[in-house]
Amino acid sequence: MKASSNIAKFLAISLMLVCVRAGAATLNAEVVSSKGKPVRDAVVFAVPADPAVLQGIQAQKQVDVDQVDKEFIPYVTAVYRGTDVNFPNSDKIRHHVYSFSEAKQFEIPLYTGAPEKPIHFDKPGEVALGCNIHDWMKAYVFVCESPFFTTTDADGKASLTDLPAGQYQVRVWHPTLRGKPEDTGQKVSLEADSAPQIVQFTIREKKLWKPWRAPTSTTGGYR
Amino acid sequence: MALTKRLLQAIGGVGVTSVLSVGWIGPVQAEWAESVLDASAEYRTNDDVNLSVFNDDEKSDKLLRGVLGFSKIYQFDAGIADYTRLNIGASIELQDYSEFDGLDRVNPGVALGLTHKFGLGPDAPWLNLHVSGVVENVDDSDRNKNIINAGIRLGRRFTPRFDAAIDWSYDKSNGKDDLPVISPGLPSSVYDLQRSIITAIGNYQVTPRLLGSIRYSYLNGDINGECTVENVGFLLTVIDMTAHTLDRTFEGCRYRFDGYANTLGLSGSYALGPHTAINFGSVWSKGGTGRWLYRQNQLFVNFSYRH
Ligand SMILES: [Cu+2]
Numbered sequence: 001m002k003a004s005s006n007i008a009k010f011l012a013i014s015l016m017l018v019c020v021r022a023g024a025a026t027l028n029a030e031v032v033s034s035k036g037k038p039v040r041d042a043v044v045f046a047v048p049a050d051p052a053v054l055q056g057i058q059a060q061k062q063v064d065v066d067q068v069d070k071e072f073i074p075y076v077t078a079v080y081r082g083t084d085v086n087f088p089n090s091d092k093i094r095h096h097v098y099s100f101s102e103a104k105q106f107e108i109p110l111y112t113g114a115p116e117k118p119i120h121f122d123k124p125g126e127v128a129l130g131c132n133i134h135d136w137m138k139a140y141v142f143v144c145e146s147p148f149f150t151t152t153d154a155d156g157k158a159s160l161t162d163l164p165a166g167q168y169q170v171r172v173w174h175p176t177l178r179g180k181p182e183d184t185g186q187k188v189s190l191e192a193d194s195a196p197q198i199v200q201f202t203i204r205e206k207k208l209w210k211p212w213r214a215p216t217s218t219t220g221g222y223r
Numbered sequence: 224m225a226l227t228k229r230l231l232q233a234i235g236g237v238g239v240t241s242v243l244s245v246g247w248i249g250p251v252q253a254e255w256a257e258s259v260l261d262a263s264a265e266y267r268t269n270d271d272v273n274l275s276v277f278n279d280d281e282k283s284d285k286l287l288r289g290v291l292g293f294s295k296i297y298q299f300d301a302g303i304a305d306y307t308r309l310n311i312g313a314s315i316e317l318q319d320y321s322e323f324d325g326l327d328r329v330n331p332g333v334a335l336g337l338t339h340k341f342g343l344g345p346d347a348p349w350l351n352l353h354v355s356g357v358v359e360n361v362d363d364s365d366r367n368k369n370i371i372n373a374g375i376r377l378g379r380r381f382t383p384r385f386d387a388a389i390d391w392s393y394d395k396s397n398g399k400d401d402l403p404v405i406s407p408g409l410p411s412s413v414y415d416l417q418r419s420i421i422t423a424i425g426n427y428q429v430t431p432r433l434l435g436s437i438r439y440s441y442l443n444g445d446i447n448g449e450c451t452v453e454n455v456g457f458l459l460t461v462i463d464m465t466a467h468t469l470d471r472t473f474e475g476c477r478y479r480f481d482g483y484a485n486t487l488g489l490s491g492s493y494a495l496g497p498h499t500a501i502n503f504g505s506v507w508s509k510g511g512t513g514r515w516l517y518r519q520n521q522l523f524v525n526f527s528y529r530h
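Protein sequence lines, in the order shown, are assigned to chains A and P.
First residue of the first sequence: 1, per my numbering; consecutive thereafter.
First residue of the second sequence: 224, per my numbering; consecutive thereafter.
Pulled out of the complex, with its shape left as it was, chain P reads as follows (with noise of 0.2 Å):
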């Protein structure tokens, strides 16, 4: 509890927090409210699962994705506390690809957010505050990684059938510190990652049974790929690479740059029932810095519950 409310604290500065701080340190006024458990089984492809920016060295795979997730919805209801929500959830994640089994990973994950909402009604504007953390266990250990996410997200229902948000947010990752160096003087962690991204979610009814979603999102940071020996030679002469090693999955080099990424997501939901839909969609993301981009396309369907 005194965790939680560092974290609040340390967030701060936006008004709700210090109405949450009273109403958490004063008598109970809040109880559990709500548990609600997320469950989703997805299938997707992906045609540069590396990140490759040489056309001739993208691989690309299919995955099998199962996210398993529950979380403990903190109601207050004290004054304008009335409109505030505390979620505390834990969630793992299952990835399984066909064909770089070195990419199957298994990942839990805790997740903190803050959600207040500015008065009465569907349309009242909302203001959320978030915190993730995840552990990610890769089949290749190399790529093990711890990655933070903290960020901030603004959304509204314009109507009954159109609501938008956008958010900003900072991952950091934290990868191993002992991977292979082959260039001396240039660091082989590159996995660690920090980069802030924002992004943009409109979702919009069209028919009563299925939502069509658009999602854009700028990324700034750090970029990591992967391409052949003899490429990435090539590549330190036109990039300033800040770290590079082996990549024992790809059996090629895995470098990391600064740069940025555009991505573009379409998707759909189709309501079988209020707690179960399918959703489909394709996500395009080009990423890396100059004429140096990759370019990834993924398709994915899944069968989402929440209950």
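Extracted from the complex, chain A is given alone in its bound form (with noise of 0.2 Å):
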């Protein structure tokens, strides 16, 4: 009973897939500065307007986020909702990761090598990482909505592909973005095999500082 529907299951999603494939569009997405400059770093998603869309779609089983040379790398994780996320130490020393951020808050005190638990990522939105012992150490990762999702390159360029067919709303998310994604929505109607879409954002920046790192001459601060 237990095998047979187990079979069930693994035909209905490989069905799924090959529809999904079949039907496969390509989103190209480019995100510049209100300045023009190149946007890295930011997330592109495309919500479905059907959230039928969504249905069995699962978040990817673990995504890494690593520290070396005490700074967290890399600097931008995007994950679906859902996903585990580990913070493994690749530093010979201590880190004490931590968020106070209302998407997710944590805390992983002083450990090296991998922490015992992945950190469980369920709720929207960005998640402000830093290290209580190397303050400057800062990162973040950005939870989304749907599991259509890509990260632009140092040009500011990404490519969502695969997407099925259908109504979406793409929008934009990066840590200087000034405003919500919501407010960066723009429609697109992506139809089966066709050619590839392209999406501009301009997002409005604020200045994201983060403590002080370097050498200085007057020795201070928490190290």
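Hint data in this document are derived by calculation from the structure and do not stem from the laboratory.
Some clues are possibly wrong.
[As the list claims (entries may be wrong)] Distance condition first, Cα-Cα at most 27 Å in a straight line; then the derived DSSO-like pairs of lysine-lysine:
| hint | chain 1 | residue 1 | chain 2 | residue 2 |
| --- | --- | --- | --- | --- |
| 1 | P | K368 | P | K285 |
| 2 | P | K295 | A | K92 |
| 3 | A | K210 | A | K157 |
| 4 | A | K138 | A | K37 |
| 5 | A | K70 | P | K295 |
| 6 | A | K210 | P | K295 |
| 7 | A | K37 | A | K61 |
| 8 | A | K123 | A | K207 |
| 9 | A | K117 | A | K207 |
| 10 | A | K138 | P | K295 |
Need the complex rebuilt from these two chains, each delivered in its own frame; the hints are there to steer you.
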């Protein structure tokens, strides 16, 4: 009985994947600042108008945010809600990772290597990461409400491939974004197997500061 | 280890000390967490290198200064000790003056610091207890001295751009005992100095690459300086001199008296990367007693590396 239901589930998922691939569309995005400069590490995500599209799509099993030379790597990590994020520490010293953000508050006290458990991110929004030993360490996890997301490269460009045909609202988020991602939404209608559609975003940026790291002549600060 | 504990107990009176002592005696719950290497090379000008209170006697000089330091940071990890670090460091400083070679020196030093952060996040305040010892080996060996400094510093980051700290420290120098006595009844121990210093420091990021810093300190205690033999005779009649002797380097008299000094420093730090920076600045100092004040201005630029 159990085996047959598993086979049925497998067939259903396979069929769904075949359907997605068969009628897939591509969306190319470009993000620039109000000064026209390319914005790196911007998260571009497409929210389907029909929530049924999201049914059966699972979050990625596990995503890593590493710590190397007392910095988080990468600076921005986008995940689908429900994803477990691991915070391995590749440094030989201890880090103390935390977040005060509304979307996820957590603390992993001093550790080396891999923490015992990953952190589960289930609420959409930005999660600002910090280390309590090295105040300059800053990075972000952006939890998307849609599984269709990507991050821009140094040229401010990104591609979303294998999107099921349909109506979407495409949004962007970046640590320096002034306002909410909802305010950046652009409606697009994607047809199966058509030429890639292009969306362009010009974002209003706020200045983001992180605590000073380089050596100074007035030794001070918590190190 | 016993010495460190005794030192912590001596500093005492602060809640974190007892927590640390528990961690120290009990099962090993901490490990060497971080090694930090500091190196810097500096060029500095000083327009009153002899700290003379007489304008005519002021001597100026330029110097090259190099500092190499290594420290280990011991991170505690039990309960609130997650927020406490012990820093043990050793350093060596070299100073090479261009004109007054007698001032050239090699200063090995050790430092111990205990820092506790009161909570989580970049804006949690922190408290640092520090003790350091330096042996000054000067070319003009009359100037050799040992310096011990102990103090407490309280700091806080107010915004990602701005942080500030206040520091109180006590400084004791012990110079040579056999310097020539020139006035019977007046000791020659001009390099035996005791002073307390209050310092306020503020750092503000002007741009993500440029940090501006302001540092003000008030020193209370022994002041020493140098002037010609003729002027020291006059100075003896107007201030309460507590020691004086001959000064080989400047060929005059070195004196000591009880006074104060105000020092203001403005500096900038230009980050070349996470581990390197060019620092530059100016330090103005005015100290003495009554109307007998020295005025010293210094300019510096250095290259600093920290990893
Ligand atoms: Cu860290």
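Checked hints:
no.: 1; hint: K368/P x K285/P; verdict: 22 Å, holds
no.: 2; hint: K295/P x K92/A; verdict: 13 Å, holds
no.: 3; hint: K210/A x K157/A; verdict: 25 Å, holds
no.: 4; hint: K138/A x K37/A; verdict: 22 Å, holds
no.: 5; hint: K70/A x K295/P; verdict: 16 Å, holds
no.: 6; hint: K210/A x K295/P; verdict: 25 Å, holds
no.: 7; hint: K37/A x K61/A; verdict: 34 Å, violated
no.: 8; hint: K123/A x K207/A; verdict: 26 Å, holds
no.: 9; hint: K117/A x K207/A; verdict: 34 Å, violated
no.: 10; hint: K138/A x K295/P; verdict: 24 Å, holds
Of the numbered hints stated above, those contradicted by the structure are hints 7, 9, listed in ascending order.
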